[in-house]
Each structure stands twice: as C-alpha cells, then as structure tokens.
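Given chain A's structure and the hints, the job is docking chain B onto it.
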Amino acid sequence: MFQAGLPYLILTTGLIVLMVGVSIHRSHQVAWSLTVLTLIATFISHFFVYEAVATDIVVITELFRVDSIAYFFNAVFLLATLVLVLFAQVFLDRRTKFTEEFYVLILAATLGAMMLPASTHFASLILGLEVISISLYALIAYPDHARPPLEAGLKYLVLSGVGTATLLMGMAFIYAASGNLDFSSIHITDGSMEGEILFLIGNTLFWCGIAFKLSLVPFHIWTPDVYHGAPSVVTAFLATVSKGAVFAVVLRYVIEADILSSDTISNAIMLIACASMVIGNLLALLQNNLKRLLAYSSIAHMGYLLIVVFLISVNTSLGYESALFYLVSYFVMTLAAFGVIIALSSKSETEVDTLNGISGLLWTKPAAGAVLIAAALSLAGIPLTVGFFAKYYLFTAGISEGMWPLVVCLVLGSGLGIFYYVRIIFRTLEKPQEELSVSVPWLGLSITVLLALAIIVFGLYPTPLVDLIRAILVFPPTL
Amino acid sequence: MLAAGGVAWISERIHVNLPRWLSLLTFIGVTAWVGAVWLGGPDQSGLYANQFIEWIPRFGINLIFQIDGLSLLLIGLTAILGVAAVVSSWTETKQRTGFFQFNVLWVMAGVVGVFSSFDLLLFFFFWEVMLIPMYFLIAIWGHEDKEYAAMKFFLFTQISGLLMLVAIIALVWVNYEATNTLTFSYEALLGLELEGSIARLLMLGFFIAFVTKLPSVPVHTWLPDAHTQAPTAGSVILAGILLKTGAYGIIRFVITLFPEASQDFWFWGMLLGVISILYGGYLAYSQTDFKRLVAYSSIAHMGFVLVGVYSFTTLGMQGAIVTVIAHGFSTAALFMMAGALQERLHSREMSDMGGLWQKAPRMGAVTMFFVVASVGMPGLGNFIGEFLVLVGAFNKSIVLTVLATFGVVVAAVYGLSLMQRSFQGELNPRVSEMQDFGVREMSLMAVLMIALIWIGVHPQTVLALSDGFVQILEVIP
Numbered sequence: 001m002f003q004a005g006l007p008y009l010i011l012t013t014g015l016i017v018l019m020v021g022v023s024i025h026r027s028h029q030v031a032w033s034l035t036v037l038t039l040i041a042t043f044i045s046h047f048f049v050y051e052a053v054a055t056d057i058v059v060i061t062e063l064f065r066v067d068s069i070a071y072f073f074n075a076v077f078l079l080a081t082l083v084l085v086l087f088a089q090v091f092l093d094r095r096t097k098f099t100e101e102f103y104v105l106i107l108a109a110t111l112g113a114m115m116l117p118a119s120t121h122f123a124s125l126i127l128g129l130e131v132i133s134i135s136l137y138a139l140i141a142y143p144d145h146a147r148p149p150l151e152a153g154l155k156y157l158v159l160s161g162v163g164t165a166t167l168l169m170g171m172a173f174i175y176a177a178s179g180n181l182d183f184s185s186i187h188i189t190d191g192s193m194e195g196e197i198l199f200l201i202g203n204t205l206f207w208c209g210i211a212f213k214l215s216l217v218p219f220h221i222w223t224p225d226v227y228h229g230a231p232s233v234v235t236a237f238l239a240t241v242s243k244g245a246v247f248a249v250v251l252r253y254v255i256e257a258d259i260l261s262s263d264t265i266s267n268a269i270m271l272i273a274c275a276s277m278v279i280g281n282l283l284a285l286l287q288n289n290l291k292r293l294l295a296y297s298s299i300a301h302m303g304y305l306l307i308v309v310f311l312i313s314v315n316t317s318l319g320y321e322s323a324l325f326y327l328v329s330y331f332v333m334t335l336a337a338f339g340v341i342i343a344l345s346s347k348s349e350t351e352v353d354t355l356n357g358i359s360g361l362l363w364t365k366p367a368a369g370a371v372l373i374a375a376a377l378s379l380a381g382i383p384l385t386v387g388f389f390a391k392y393y394l395f396t397a398g399i400s401e402g403m404w405p406l407v408v409c410l411v412l413g414s415g416l417g418i419f420y421y422v423r424i425i426f427r428t429l430e431k432p433q434e435e436l437s438v439s440v441p442w443l444g445l446s447i448t449v450l451l452a453l454a455i456i457v458f459g460l461y462p463t464p465l466v467d468l469i470r471a472i473l474v475f476p477p478t479l
Numbered sequence: 001m002l003a004a005g006g007v008a009w010i011s012e013r014i015h016v017n018l019p020r021w022l023s024l025l026t027f028i029g030v031t032a033w034v035g036a037v038w039l040g041g042p043d044q045s046g047l048y049a050n051q052f053i054e055w056i057p058r059f060g061i062n063l064i065f066q067i068d069g070l071s072l073l074l075i076g077l078t079a080i081l082g083v084a085a086v087v088s089s090w091t092e093t094k095q096r097t098g099f100f101q102f103n104v105l106w107v108m109a110g111v112v113g114v115f116s117s118f119d120l121l122l123f124f125f126f127w128e129v130m131l132i133p134m135y136f137l138i139a140i141w142g143h144e145d146k147e148y149a150a151m152k153f154f155l156f157t158q159i160s161g162l163l164m165l166v167a168i169i170a171l172v173w174v175n176y177e178a179t180n181t182l183t184f185s186y187e188a189l190l191g192l193e194l195e196g197s198i199a200r201l202l203m204l205g206f207f208i209a210f211v212t213k214l215p216s217v218p219v220h221t222w223l224p225d226a227h228t229q230a231p232t233a234g235s236v237i238l239a240g241i242l243l244k245t246g247a248y249g250i251i252r253f254v255i256t257l258f259p260e261a262s263q264d265f266w267f268w269g270m271l272l273g274v275i276s277i278l279y280g281g282y283l284a285y286s287q288t289d290f291k292r293l294v295a296y297s298s299i300a301h302m303g304f305v306l307v308g309v310y311s312f313t314t315l316g317m318q319g320a321i322v323t324v325i326a327h328g329f330s331t332a333a334l335f336m337m338a339g340a341l342q343e344r345l346h347s348r349e350m351s352d353m354g355g356l357w358q359k360a361p362r363m364g365a366v367t368m369f370f371v372v373a374s375v376g377m378p379g380l381g382n383f384i385g386e387f388l389v390l391v392g393a394f395n396k397s398i399v400l401t402v403l404a405t406f407g408v409v410v411a412a413v414y415g416l417s418l419m420q421r422s423f424q425g426e427l428n429p430r431v432s433e434m435q436d437f438g439v440r441e442m443s444l445m446a447v448l449m450i451a452l453i454w455i456g457v458h459p460q461t462v463l464a465l466s467d468g469f470v471q472i473l474e475v476i477p
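In order, the protein sequence lines correspond to chains A and B. Taken in order, the first sequence gives residues 1 to 479; the numbers are from the working numbering. Taken in order, the second sequence gives residues 1 to 477; the numbers are from the working numbering.
Please note that a few of the clues may not be correct.
[What the hints assert, rightly or not] When the alpha-carbon atoms are kept at most 25 Å apart in a straight line, the in silico DMTMM-like pairs for lysine to aspartate or glutamate are as follows:
hint: 1; chain 1: A; residue 1: 347; chain 2: A; residue 2: 93
hint: 2; chain 1: A; residue 1: 155; chain 2: A; residue 2: 144
hint: 3; chain 1: A; residue 1: 431; chain 2: B; residue 2: 147
hint: 4; chain 1: A; residue 1: 347; chain 2: A; residue 2: 151
hint: 5; chain 1: A; residue 1: 97; chain 2: A; residue 2: 144
hint: 6; chain 1: A; residue 1: 431; chain 2: B; residue 2: 145
hint: 7; chain 1: A; residue 1: 431; chain 2: B; residue 2: 467
hint: 8; chain 1: A; residue 1: 155; chain 2: A; residue 2: 130
hint: 9; chain 1: B; residue 1: 396; chain 2: B; residue 2: 343
hint: 10; chain 1: B; residue 1: 152; chain 2: A; residue 2: 430
hint: 11; chain 1: A; residue 1: 431; chain 2: B; residue 2: 343
hint: 12; chain 1: B; residue 1: 396; chain 2: B; residue 2: 467
hint: 13; chain 1: B; residue 1: 359; chain 2: B; residue 2: 467
hint: 14; chain 1: A; residue 1: 347; chain 2: A; residue 2: 430
hint: 15; chain 1: B; residue 1: 359; chain 2: B; residue 2: 343
These are computed hints drawn from the structure, not numbers from a lab.
Same shape as in the complex, but just chain B:
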C-alpha cells in the first residue's frame, strides 16, 4: 500500500485520472485479500496472518504483525471505506490528485498497521504515521478554515500521543526491571503484574490518547472542526476509520494490559460514554451545518462504544465492536452525502437546503436510509450494536444505562431533523438545478447499504469474528 501511494503520486504526471484508478485498484485488492484470508479461516491459535521481522533488536522492538478476528474485521472495514473514499472524491479534488491519493493511501496503510501491530512501539509508529498524511489532507484540500482545523487536529492527537509514548516506554521499563528483558511485544507484556498505582497511571496514559481519538467529551473539540474542513474523502476516513483506532486501542490495549486498573475505572469510563452520548446528541441537534451535525453525532455514537467496553460484559463488548463497524459504514455514507451536497450546492448550511427530495429523489432515499440506520432502526447494523451495548451495560449500572438509552431518543430527534431540514418540506427557492446521484455514487451507496443490512439481519458474521478476542477477555478476572 505504501508503495502504491508512491506510484500514485508519480503517475499523476502520466494522466490525471491514473492515480485515482490506481488507488481504487489497491483498495479493491486489499478488500479481496481480506476476503480471501477470512475464507481461509484462522490457524490453530486463532490468527489469520502472522509476520515477524527484526527491526531494532537493541530495544527488543520488532515488526510483529498479527491479524486475529478483531483486526481482520477492522481491516476489512478500512479497505471497503478506502474504496468509498476514493470513489466519493472522484470529482471533488481537482488539483494535485496524485499527491492526494498518495496521502489517502498512506493514511490507510497507517491504519492497517495500527490494526495489525502487536508490538507496542510499532503500534505507536503507525498510530502517528496515519496522522501526518491526514494532516496534509486537511491542510491542502480542506475548506475555508483549514489551517485552524488542521492545526487543532494535529495538536490534540500529537500531545495525547506523546502521553501514550511515555506510558509505553514506562510500561516496557517496568517489565525490564521485573524480568530483565527489554521487549515491546504485546504478548510478552500481557502477563506483566503491575502495582496498583503504577498501573493506574500508565492506563491513564493510554486511555487519554485513545479517548482523544475516539473522541469523547471533554477532548472532542478537534473533531467537528477537522471534519467540517476536511475534504469528503478525508471526512470519510476520519469518521469511518480513524475514530475506530481509538476504540480499537481501548479494547485491545487498555483493557487487556491493565485489566485490574480498567475494572476499577469502569464507572468513569461509562460515565464519560454517557456524557458523550447526551452532550454529543444535544450539540448535534443545534447544528445548522450538515457536516457538523454528522460530526457531533459521531461523538454520541462513540459514547456507546465506551459504555459497551466499560460494562465489562461479553454482550457489551460485542455490542461495542458491532457499533464500531456499523457506525463506520453509516457515518461514512452520511459524510459522502454531505460532500455530494456541497459539490452541488456549494454550501453545507441546511438553511440553503430544503425540499431537495423533489430535485434528487435518489439522494433523498439514500440519506433517509442512512439517517434511519444511524438512529438505530432494528434490522440495521447500528441497532444491533447499540442494543447489545445497552443490554450489557444494564447488568452493570441501571442508572447509566437508562441515561444512555435517552441518547437513542436524542439521536432520533437530530437524525430526523437533519432529514427534514435538508430533504423534505418546501423546495428552497435558491436551489435551482441539482444533479441526482449517478451510477458511480449509487453503486457505492448500495454496497454500504448491503453491508449495514447484512450486519443488521445476520450479525453473527461480525460476532463470530470478534468472538475469539472477547473470549480472551472472559479469562481476565
């Protein structure tokens, strides 16, 4: 993928469209690879792929790539949304397409690295690698306020990343003092017994980094800006995939590396989740900007992930994972819709919209579908996720669960108001001509719809894949 990025950059010189085709092919290739690996089934230890290469033996840092069910699931999501991002920005970016695709490919490569690294420093490496091209995407191809948004995005994620780096090195050093081996391997560090106070501090280091990425209140403020200013492909990647790395980090690292400290932390984790759900929903409702609204709704949805994870029940964890996947699809689709609207109307303000259904019935129907999905209608993926989360959380704290359930209601309110303000009602007189979705966009949306319906009616596909990982959690007291 990295190589493809380089090739894409150069190929711009040959033909303007070539980079697009190249990166599209790359993503389709990755999707096919994921499918093949999935069908091939795991080996005895539950891994789908396993790579080990020495990198910096001096510090016990190695390239350890492993793909288990959870990783495979998320890499699959990444690949499909990669296709979506490329297709959706087919006509939007007109300058420097080569460099644009280069950045898109590099972000994606970083994300795949994050999902498959089992060496903590390697993980951190990819964690940061995916940020730089993302920063470029916002800073070069963004909208009017791009400088501010890009800077904010970079600062938030970098500083929280530094905290994580300190926590990683400290963890490794504690391990070194205990066992006298210097290693960054995830598996080697899993068994480490930590003292309560140290564990709590280190856990916080990781937690803050991941929660910033997720994002949850109170470190969410970079997200609306970054989303609003990013080009469509950027938003799709950001919402669909980058946020998921935060969730993945919490599930994979915080909980397993610091089981006891995390158990003690459950209340705060769930509370942050609930606050995110309600506050994010409240803010989403008061937005007038299509993209901002969707951005704030992401905060609310990611709150469910936190609630699910910190409920420490199998159901909650499964629900969180399903939510991650389903939200990836539905939000990506909504951001693409926002991008498509902006391209046609040159505005994201909902006051410039209204009654668009009459002009573009296909766009209206598609939006309807994804809004309803994101609100959590039974039969679609998001419902399964949120339902499982709430059932899981109910065992842990009834009060917090009830509050979180209110979030579902709030979601319905802002979701439907989005629909109403943009597509229904009287036709806005300022809208003169508008092109409906063509074959390219419709077929893309169809893929995402099928994915959501599939998760909705047959969640077993996802559950079975993530099951292996959730089982490991059961073993942890």
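In isolation and in its complexed conformation, chain A is listed as follows:
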C-alpha cells in the first residue's frame, strides 16, 4: 500500500519543500529547477513501484484504488505538466514579478489531477477536482501585467464554483437514493419509485457538473473566454491535464456504477455528445483567435471522447484502449498547438494568438510553422498523424457497438472541423504580411518540434503506443 502511494508522496514532498523554500528565499531559477526535478522524480517513481500494481489492486483507504491504468494516466499528466513547466520559465518572466508561486500552484493542480484516476469514491472525486480547480483559479489570473487573465480567472471562479455546487448536490441526491458514496455500491437496491427518481435527479445534476468541467455543450459557454484570457501555459494545462483527469474519473464512475444501464441517462449523455461534436465545431468556424478556436475544438474533442464512455460500459478493455490512445494523442497534439502559441508569445508582453499573427509562419519561422501544421492536421484527424489513429479508434468504437447517431455526428463534426483546421494551415502558408519580429526561445521550440515528431512518428507507426497501452491493460483490475 505504501509502495503504490509513493508517487503521490514524492509529489507532495516536492510541493511542500517548494512552498517552504519560496517563503525563505525567492529565486525563479531554483523554484523552476525544483519543480522540474519533482515532476521527473514522480514520473520515474512510477516505474519503480509499478510491480505493486501490475499484478494486484492496491487499495489506499476507501477513497483511492491505485491500478496500472491510474498509473498510466498519472504518467501522461506528469509529462504534460513537465512540458508546460519547461515552457513556463521564459514565458512568466515577461508577465509578472513574482514567478515562484506559479510552480507551487501547478504542482498542486497536478497532485489533484493524479488523485482523480485513482478515485473510487465521491469524496476523493470532489477532493481531487477541487484541488485542481482552486489551483486553476489562481493560475488563470496569475499574470499581473494585464487585465484579461483577471477577468478570465473571475469568470472561471464563479462558473466553476456553480459547477462544483451542482456536482455536490447531485452526489447528495445519489446518496439519498442509495445510501452509499462508493462508486461500486451506489446502485439502487430496493427499486422503489421514489428512490429511482432521486437517483435520476442526482445523476442529472452530477452529469451537469461533469459536463461543465469537461466543457460539453450546453455547459461550454465559459470555455472560449477563459481559454482566451488565461495565459497560454495555463490554458494548455486546462485543456489537457485538467480535462484528462476529469475524464479518467468519469470512465471509472461509468464502469463501476454501471450508470449507462439506465436508458434515460444514456440517452441524455448521447445527446450531450452529439451536441458537443456538432456545435463545438460549428462555433469554431467563425473564430479569428487561435486560442478561442482551440477552445471550441476542445469542446468538440471532448464530445468525440464521450463515444468511448458508451463503449466502455459494454466492452471495457477496448473502451479503455480507445480512451487511453485518444487521450495521449489529444494531449500531444493540443500541447503542440499551444506550444507554438506559447513559444511565439514568450518574448513579448502580449500573446501572439490571432490568425493574423501566424500569417506566413511557415516561411518566417519554418519550425514553428511546420509544428502548427502538423498539430492542425492531427487535430483534424488526417492520416500521417496520430490524430488519425485516434479518430480511427473512435470510429471503431462507434461502429462496433452500432452507435450510429454518434458515428454520424462524428463524421459531421470532423467534416466541419477540417474547414477551420485547414484555415489555420492556409494562414501559415500564405505570403507573410510583415516580418515577425519576436524571437523564439530555443527550449520551447525544440519541445514543440519533439511533440510534432511524436505526432508524425505515431501517425506512421502507432504499434508501439498500442502495445504499451495493451500492456497496461493486461491485468485490468477494474475490468
């Protein structure tokens, strides 16, 4: 039990050391190095204690159950955070005088994200979720040189607060109906009419809260504003790690509580999924700001991902395989896209995030332009990129279970999506209007290039990734 919890302990230790250290001596360089070190150490520790979860389910109190799938999620979150922290060093210097607390907050958010995939209980769910959200409030509003981040932070604070409240209310109703807070035992047993209604209301509220966190239609309104206003590093964290963590716990909830056996709930979720795919893509068509565009595109991608939720309740192993593959590729391509924005904005006070800003990028900054093209193609799901195989998994998922409404929406959404992703590509290809004067930090640029390489390598030969994921699922504790 202690062994399996080691990664969590290491991260927490690093977090505390950093917090105390900052109050004693302020140094951006030291804080940054300590954060990178903590993240790497936590990441590596997973390999040392993997034995513990490889053959057994490790239960840490009632609240957490660590298995190999949770470890996989953790590893992905840690890598993503590491990438963002590497970006953050140069990025922050231009935006605020006090940079050190940023790292404390982002480590805390990561800790929250690592709790969710292991959570089996409503208490740990809300705990992890709030650790992420509260860190994010501060992170979004972090830069003190400009107003938009503050506005975005406040918006997120109010709306996310409402989302959490809805979620809690839902849990209360579910508890009233089933008398349990543990995912696996919240079925209603007595089958009385009253219990059934309470259970339904509870789940409706619960899913509303979740849909808010995943920014699914119709709870998506906050997304573009917050994405736009937040500093790009934080936006990228919000788009990847925070959503991935919520998604991980949703998957577990769906499996353990067998929630989709209720037709009402499953129809409602299907409606949400279809609406997200179509509306997310439709709204993205008209955006001129890259970050807003990516916000809508992430709404659509979360809608696509909901297909997996249906698959996982019938065919758990293929479901998890699709979910993990999709999440990994979604992380890689989203980070690559944001990476370009971050790298371009690093040396300037304002963010380079408009479509005009990337005009002719391929000719002025060939590497950044190429990465952006690769990311856009991948997000659109075009072959040669990992995004294609991610989409392939979803098609397989939809078709194998005969979920035709979802497949139709997936085709429709992807078709619409191509339109605006291609617009990004077109802007990077056109003749540059003016020479882009900003310089790009080498570290940020080389990371984005690495991400783009990952997109293409796995797009050409996904077998290693597929094999890795299947190896994780060989002993499927929750299956």
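Only chain B this time, still in chain A's reference frame:
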C-alpha cells in the same frame, strides 16, 4: 519516392535547379522500374510484385503491397505523367522549388500507394496522403483564387473520404462478427457474404468517395475550381492521375467487394455516367477559359468510365480501363498546353487568344493532335476506350448507350471550338510576341503522342495487362 521528396526539399538550398533534376530522375527511375517489372512478367498468381510487412497487428492492419496487371498499368501512367509534370513546370514555379518538388513527389508516392495497397486501411491511408500535398500545391502555388479552390477540394475529398472510412471499418467489423478475425486485408474480405441491405449501404459509402474523386455529377463542382487554380504540374497530376484513383477504386473495390449490390446498382451507375458525359460536355462548351474547358471535358470523359464499369461486360470494363489510361495522357497534355499558354500570355481566357497558330505552329499542331485524340479519333487511344465502352454498354441498355454516344458528338463540338477559338482564325492583335515550344516541351509532348498512338493502334498491350483482373470479374456472377 518519399525519401526523394525529403531530399529534394533540402537540396533547394544547394542549388535552385537541383530539386527539379532530382525529382525528374526519380520519376524516370520509377518508370524504368515499372518497365523492368513488366518485362519480367508476372509470377504464377499473376502478380508482378508482392510485399507484406506487419504494421498494426492489433487490428490486423498490415502493409500489403501487391502489383497486378491493372496496378502496374496505372503505376506506369503515374510515373510517365510524373516526368511530364516535372518537365512542364520547369520554368513555371520560381519560388520554393524544393518544397514544390517535395509535394509533387509525395502526391505521386501516395498515388502509387493507392494503386498497390491490398489492405483497406493502408489504401485509405494513401488515399488521404496524396490529398495533403495536393492541397499544398494548390494553396501555395495556385493562381488568383487559390484559397477558395484549395478549400473546396479539401472539403469534398475529405468528407467523402470519411464516409469511406466508416464503410471500411463497418465492413471489417461485419467480417469480424462473421469469422472472428480482425483483418483489413482485401483478399480476406473478398469472400465475405453480406446481407443485401448492409451491402448496399457499405457499397454506397465507397461509391460516394470514389465518385467524388472521379468526379461525376453531382459531386463534380470542386474539379473545375481546383484545376483552374492549380499550377500546371498540379493540374497534370490532378487530371492525369488523381481522377484515376477514383476509377480504380470503383473497379477494384466497389465491384469486387460488393458484387451483388453493385449489379443491382448498374442502372444508377450508368445513368450517372451518361449525365456526366452530357452535362460535362455541355458545360465544357460554354467555357471561355482554356483550362476550365479541359476540366469540364474531364468530367465528360470520366462519365464513360462509369458507363463502362457499370455495364458489367468484359468489353465495357476493358474500355473503361483503356479510357482511364488514354485520358490520362491526352488531358495531361492539354493541361500542359494551358499552362504553357498562360506562361506566355498571362491569361487563360480564350478571348485573349486566337490565331496563335501563326505565331506558334508547333504548339498549334500539338494541341490539334491532343484535341483530336480527346474527341476520339480512330487510331488514337481514347477512341479504343470509348468504342469498347459503348459496345459493352449496348448489351446492357440501348437507350443509355445512345445517349452516351451523343456525348461523343458533343465532345467534337467543344473540342473543335477550343481549337478554333485559341489557335485558328485571325491573329488576336493583343498577342504580340510568343515563343513556340522548345526542345524540352516538344520531346515531352512527343512521348505522350507516341503513347496515345501506341494504345490506338495496338491496344493489346493495355488489354493484356488488365486482362487478368477482368477475368476475375467474370467469375463473379
């Protein structure tokens, strides 16, 4: 070829002309390879080449490359037109030649992949791979309205491609439920018995994708725009080869994977073909833009392919294949002519032309030859193709065949009007000086002419190669 593309891109830095030479050499190399394989003859199972490499064993997706007679024929066409595309754009693209050749090579590599993949997902992979560089070709080196054209091209082909992907996965899944093996191999899926309604739906998924590429009415509208805006090499590739992948797809996949559903579909297939022939011809006649006219004529010619394929007769099928090859040569030549004219006159409008024969007799003669070929003069390749198609189709439906025959007349009308408006008549006063074709262009045209005449007088070369495949169709009831 992919590697050569990468090399070409880099070599731009060394010398401006180097990428051109490199890709020219690559295409000549591929042509030589095709020739060598052809002379080497097929093995016992009728294959010229066969490769199997594991790719994604999880889903039974493998790299299966096989080249039979039909594939070899089309790859040969690709290689020769590759040479043509490079040579014809020798002076046209002045900026970023390295990246340009990179894209040309990648399109071609994708097309060769399409023609030789025997794994459905691999096929789809290449199907999409050839589109992206094509999109770049239009979007970067295109003419005035390139953004619109490139976007339209991409949207049409991508969305229809998605339908095909759904159909492919569904087909594989039906097979999985029937046999409990997950495989995307073409041969494994050939024997699958499908229920009528499912087969019809899946067939439509494939059919729509291929027909969009072909293109046939009513999904043809991307073609004139893409063609007109594309640089010469782009048009040559687009008309000469990319359209052929649509025809190839129908012949290779739709008909063999869904034999019964396709048989039931014959009337609609032929009808679409006939409408394309007449409507495409009608639209071609009313164009004033040299390139647009040729583009619309392509729609008409591809209509013959549909008619031939859906006649379900040996003759019709053979005719369709010959038409595919011959049209590849003749249209490519006409697009090169359009490109050459634009380079000299800076206009594609035929009202800016007229009487050009006096200034450039060699160009006039060459154009004459290819216009006549595309109209279908006996002795040249296109005639053989269309003739076989019509004879084959006659057995199936007399009414539709008669209508299609009218298409040949329409072709003569627009073909000759093209000739007359641009090269004959009074010399347009606005044309001052014009350079005639040089050695480079003439020798290229000569190769294409010889190819067309060869198919025209000795079609057996083509027929023998495609025979093996057509025989397989005979077995299918």
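Consistency of the hints with the structure:
1. A:347 <-> A:93: Within the cut-off at roughly 9 Å; holds.
2. A:155 <-> A:144: holds, 16 Å
3. A:431 <-> B:147: Cα-Cα ~12 Å, so holds.
4. A:347 <-> A:151: Cα-Cα ~23 Å, so holds.
5. A:97 <-> A:144: Holds, because 8 Å separates the two Cα atoms, which is no more than 25 Å.
6. A:431 <-> B:145: holds, 14 Å
7. A:431 <-> B:467: violated, 50 Å
8. A:155 <-> A:130: holds, 16 Å
9. B:396 <-> B:343: With Cα atoms ~46 Å apart, residue 396 of chain B and residue 343 of chain B exceed 25 Å; violated.
10. B:152 <-> A:430: Holds. Residue 152 of chain B to residue 430 of chain A sits at ~17 Å (cutoff 25 Å).
11. A:431 <-> B:343: holds, 21 Å
12. B:396 <-> B:467: Given that 25 Å is the threshold and the Cα spacing comes to 21 Å, the pair holds.
13. B:359 <-> B:467: Roughly 45 Å between the alpha carbons, so the hint for residue 359 of chain B and residue 467 of chain B is violated.
14. A:347 <-> A:430: holds, 24 Å
15. B:359 <-> B:343: holds, 15 Å
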